[in-house]
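Novice: Got two chains here, separate frames each, mind docking them using the hints?
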Amino acid sequence: MKELSLRRTKRVVNTQRVMSDKHGEEDESKKAKMHLKANDLLCVNGCGFYGTPQWENRCSKCWRAHQNELKKSQDFAKNKSLLSFDQFQERRKSTTESKSRGIKNLFKTSPIPESGTSSPTSTSPSSTPTRRRDLSPDSLEARKQFSDFLVANLSTAMAQEIARSVKNAVNKISEMRLNSEDMSDLVISYYQYLGDRIGVHSYFNSPDCKVKVEDVMDQVEKYISTCCYSMFFCASHDEEVADMSLQDRIRSLHWVTAGFLETKLVFKKQNVRDKIDEAITELIEINAKKSAFEKLDCLTRSCKAIFEALKESESSTSADEFLPTLIYILFRGNPPLIQSNVKFISRFAVPARLMSGEAAYFFTNLSCALEFARNMNHESLQMEKAEFEAYTSGHMAPPLSVLNSACNQAMYVLEGTIETIVTVAKKAEDLVKNLTGVDKKSDDDLEKMLVLIKETVDIFPTDEYIQMKESIFAEEQETADLLVSLSRQSSESGRGTLSTSADNTQPSTPQPQLDPSFESPLAAVLKEAADSN
Amino acid sequence: MSSVERKEFKFKVVLLGEGCVGKSSLVLRFVENKFSTRHLSTIQASFQNKTVQVDDCKAELHIWDTAGQEKYHALGPIYYRGSNGVLLVFDITDQRSFQKVKNWVLEIKTCLGKTTEILIVGNKIDLDDERQVSRQEAEAYAESEGALYMETSAQENRGISEAFEALTEKMIQHSRTTTSEAPLSNRSIRLIDEEPLEESRRKKCC
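Quick mapping for you: the protein sequence lines, in order, are chains A and B.
Take 1 as the starting number for the first sequence in my numbering and just add one per residue.
Take 1 as the starting number for the second sequence in my numbering and just add one per residue.
Hints were generated in silico from the structure; no laboratory data involved.
The model shown is predicted, which means the values in this text are computed figures rather than measured ones.
Take the hints with a grain of salt, since some may be wrong.
Unchecked claim - Using C-beta positions, here's what the derived DEER-type ranges look like:
| # | chain 1 | residue 1 | chain 2 | residue 2 | range |
| --- | --- | --- | --- | --- | --- |
| 1 | B | 137 | A | 422 | 58 to 66 angstroms |
| 2 | A | 281 | B | 110 | 36 to 44 angstroms |
| 3 | A | 203 | B | 8 | 14 to 22 angstroms |
| 4 | B | 158 | A | 69 | 54 to 62 angstroms |
| 5 | B | 110 | A | 264 | 31 to 39 angstroms |
| 6 | B | 157 | A | 281 | 21 to 29 angstroms |
For every residue, glycine included, the Cβ atom is placed at its ideal position computed from N, Cα and C.
Next up, chain B with everything else stripped away, as it sits in the complex (with noise of 0.2 angstroms):
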């Protein structure tokens, strides 16, 4: 299958971000466009799938929300395991969940290397009053991981869908440039046409 002529894609975003930046909000806000302080909802905001069309392309994002608390940062891992791409929250009010996510951002990349694209989203700049990360100081931080950056208010429903586009369509681009088919299934891609060396190792099995 041709990469360049791919218009559906699947895509696992994961969400990342200290405990009451807003993370959980910002899903629902973007899937259900609902917003509520308690953010009570009939539906998991654990779990979320949208379709989001960027240009003639069309991409399914299964986006898994993650326990923000600081006793499960160690799993972390496991989430993002295999994801295309992630979003990493934090409060543009609170400069300790900024420093959380340099700290994921480092970790991704020990982690997954250049396999997904990360989305860097300050929250909550309806309360630019008490703004304690500066716009240019979390853009310039961005730019120099090769990272998106994106600002957002769940409460006012502001940037939030661009975001989601934005991310979009890097992860588009990312799997049109890579070589595999699709990163779900590049394990095991090349298998078939492939003549390993170990036939006496196998014969030995069998």
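For reference, chain A alone in the conformation it holds in the complex (with noise of 0.2 angstroms):
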């Protein structure tokens, strides 16, 4: 295709040259020529910059862009040639026979004198080796706590075997300029033959021994993979681009969430949200750990989680539901370096406990997880081909779905605090309308307190009643003679008046409202005056 544009330009240059010999004067055919030509000359991508011919007709931007791609996906070919899992274990089988010379290196009894080594955690006379690298500070701080578990839980003579041997493998493991490989089979051999010669000791089954012989290569494990890990963990150049590659395209399907996966957690969950958060914080923390042990340990605390995760979604913690989730953990934490991760517990630990047992378990679906990772397409989404490179591209973003998107997470918090808002909010209310009942409420009960206590008082009422109220009858009475006098004064000045007068006062008299039953004396004389009228 490029060839052919690219050719096409050339013709369309000749052609060109030999028009504008011939007939110079046609001005508008050439304009049109060399529009179509400058179209040609632009860069393929159509990012509006000119293309060169050496760049495969791409500006010097796409052109950097499309070798960066390139080299991606050799890198990534690459890693799935190098780290494929079956491939591994294929090695692993064909190197059988051929390690056992090395083995007998490493149970070669050391050179040092048997004197040398009086206690376990003497260290060795440096007699011996030029080479030899000087232990870092975790494998020191390992080797503590190997010979403190040795000589607090074996005997002295057991302890000391024991340490005497792996010393003498660990001194070995450095020296030896081996690579990982090959030094994998040569640590796994050893761990076998350790725990055949342990295995036999009577001494384990006397009731005196608190351990068993798992007990004590595990803390061998932990010791000879945590002076593995400086020389082997990653060391190889391929290993660390491979499990950059692997984090790269993890990185490009981030958008293959939840939904896509299949899983049954619940987001809206509080719960759930902790507990894959704990989960992809333990995956993650996988690689600070040194020793094998270790490892698994996060490795497992995370699946543990995950099946909380589910429980707490209240989906059944079968294996199908498990992967899925473990995957979607996978993408979401990207975890760092976990190709090498992966392979260096596969060389360093007991092999028994990648065979059998929980953290085996655990370890397998880590490894299906990442299969899956490195393998996975358009069909395994059962999806279109091109939709799905879209998608990883960056091209187009998937559809926004409950489950399919990634940042719903934030939107879950705010659904939720909506909710609570929406909730708080309506308790206010209510609380409001339970005031107003309230306030009515008391409202009308002072109202019939009072009658009720009008009621009362005027049934049993109190001296201080009667006595207000005799005063007030006897202001009144003396109003009342006032008022007598005063007409009998006028009814003697002249007749007539009175009415007038009597008139007149009636209405600023004051009228105390008490009893309608109550007779006033007032009253009484203004209604005899009226009458005498």
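Specialist: As structure tokens, then:
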């Protein structure tokens, strides 16, 4: 396609030259051709810049991007072939026969004289190795823990024997310049050998013995794998590149979320979200641990958190739910150097631990999840190839749906908050309603109470009330007397004015509003006066 | 250690089968004697240990459940690698799930050869009215592949412990007849007494 367009450009140029020679006056057709040529020179990506043939008709920027893409896909192909699990397993099998020479080396008693190792914690006199590396601080720490364990749990003779053997092995490990694969074979054979050797010891069957052979092997593994860590973890460049490209790939698959994987997680629950975060943290934590034992421990904790998240979501905890969730956690967390970690564990852990038991199951599932991530394509998600590629390259965003949205965690939090606010608002409304009700009721009650008080007072008047009544009565009496004398005076001076004065005084007279049955003396006088008229 | 005298065994048993054929229910019933339609359980159903007594031998079974969805089919080999027994479960009311079992048998045979014992289980015999795979058909197939065939019902708890016991018995026989001491360690067992010829190569390394 590109070549074709190139050729076309050339042809256009040629014909133009011929045409301009022959009919220089035909400007219009020339212009049209010029226009076409300019288009052809543009970058094939359509970014608006001009492309160059040696960059496959791309502009400088697109060419660089293209190169990066190519390198990435090459790295990824490499990663696939390099780290495929089955192949790794095959390799291990094929080297089984060749390893015994090395293992003999490992078993050979070291040139250190027996007397030099009187106590299990004593360090070997550095007479032998000229190339020996010093142990890293982590290894020293691991060694201390290991010897403490031996001293605490085993008989002195036993502890000495094991410590000596392990120390020799560790020395050999740092002396021998082997690649990780060969060393892994040696280390695993060593585990086997040591396990068999101490397994036949009658000491472990005696009642004094608090530990099992497996426990001792755990400690041996912890120590040896910590020592191996600095030398063999992600040691080769290829492994690092492969890990980076896997991480890139997982990053590009960020859009594959819970919905596509058909997990049954209920993100609306805070507990579920917390457990998922916990699982992700533990998965990332794997990289921070040095020994295979601790790495597996992190993985186990991560998987347990996943199970709890599933339980919180009220989903079953069968593998049908577990594996998709683990893959989801892997995609969400994108843990650093996870591939190297898995390889390290499978190389330097006691094989039995990776074949049976809980940790083995989780480890196998993690391997499956990685395998799935490596090989995932449109078919595994049952969608169109173009769609899958568009999502992965970021040209298209997957449709938002409740389950597929990756950022919906924030939405869930928001939704939850809104829900809370609504309930709070409703509660406040109810409270206001209740308050008004209480107010009204208290008003009613007050009125009723007043009536009741009045009635009670009328029936059982207090002394004060009677006194008050009497004083009012006396005052009125006085006023009435005054009025009577006044009316007499006026009748003496002339009749006819009383009625007016009486009419005038009546409304101004204070009328105590008491009992309607109470006969005011003033009223009686006025009535009398009116009658007399 | 003489293999005839062994009384204690450790076996890894992998459950394979399409989704919804009842793998998890089977395990739950076997380990916990529980069945619920939504199989909500306090225990995780995907990884279980159970000790089985067969005659005078004790066998510790590590039962690994696998994801049955089609998209995870390719991951099968990672699961059943190193297993002593495989339990292939299908639904007798679903012909398709039986076809998938046949695929798996082929896969396992090419992948593991004869190192593992296969037990084919037809589940859901309580739904006998809707049966699509006849007992004769399944039995004939199992026999042609050198596998065992059992029918179970996780709902009614029929045939489940028998199935696991039959498989255990076969695995014990298998591990007695094979020369290696234990399948887990046969990789490196011969290393100690064998002197290989590659000394020169190794010497260069050290």
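Novice: For the pair residue 157 of chain B and residue 281 of chain A, does the Cβ-Cβ distance stay inside 21 to 29 angstroms?
Specialist: The hinted range 21 to 29 angstroms is violated for residue 157 of chain B and residue 281 of chain A, with Cβ atoms some 41 angstroms apart.
Novice: Okay, residue 158 of chain B versus residue 69 of chain A on CB: inside 54 to 62 angstroms?
Specialist: holds (58 angstroms)
Novice: Just to be sure I understand the hint, the distance between the Cβ atoms of residue 281 of chain A and residue 110 of chain B should be within 36 to 44 angstroms; is that true here?
Specialist: With Cβ atoms ~40 angstroms apart, the hint holds.
Novice: Take the C-beta atom of residue 137 of chain B and the C-beta atom of residue 422 of chain A, compute their distance, and say whether it sits inside 58 to 66 angstroms.
Specialist: Because 60 angstroms falls inside the window, the suggested range holds.
Novice: Mind checking the hinted window 31 to 39 angstroms against the Cβ distance between residue 110 of chain B and residue 264 of chain A?
Specialist: holds (33 angstroms)
Novice: Can the suggested window of 14 to 22 angstroms be confirmed for the beta-carbon pair residue 203 of chain A and residue 8 of chain B?
Specialist: holds (20 angstroms)
Hint compliance for this structure: hint 6 alone is broken.
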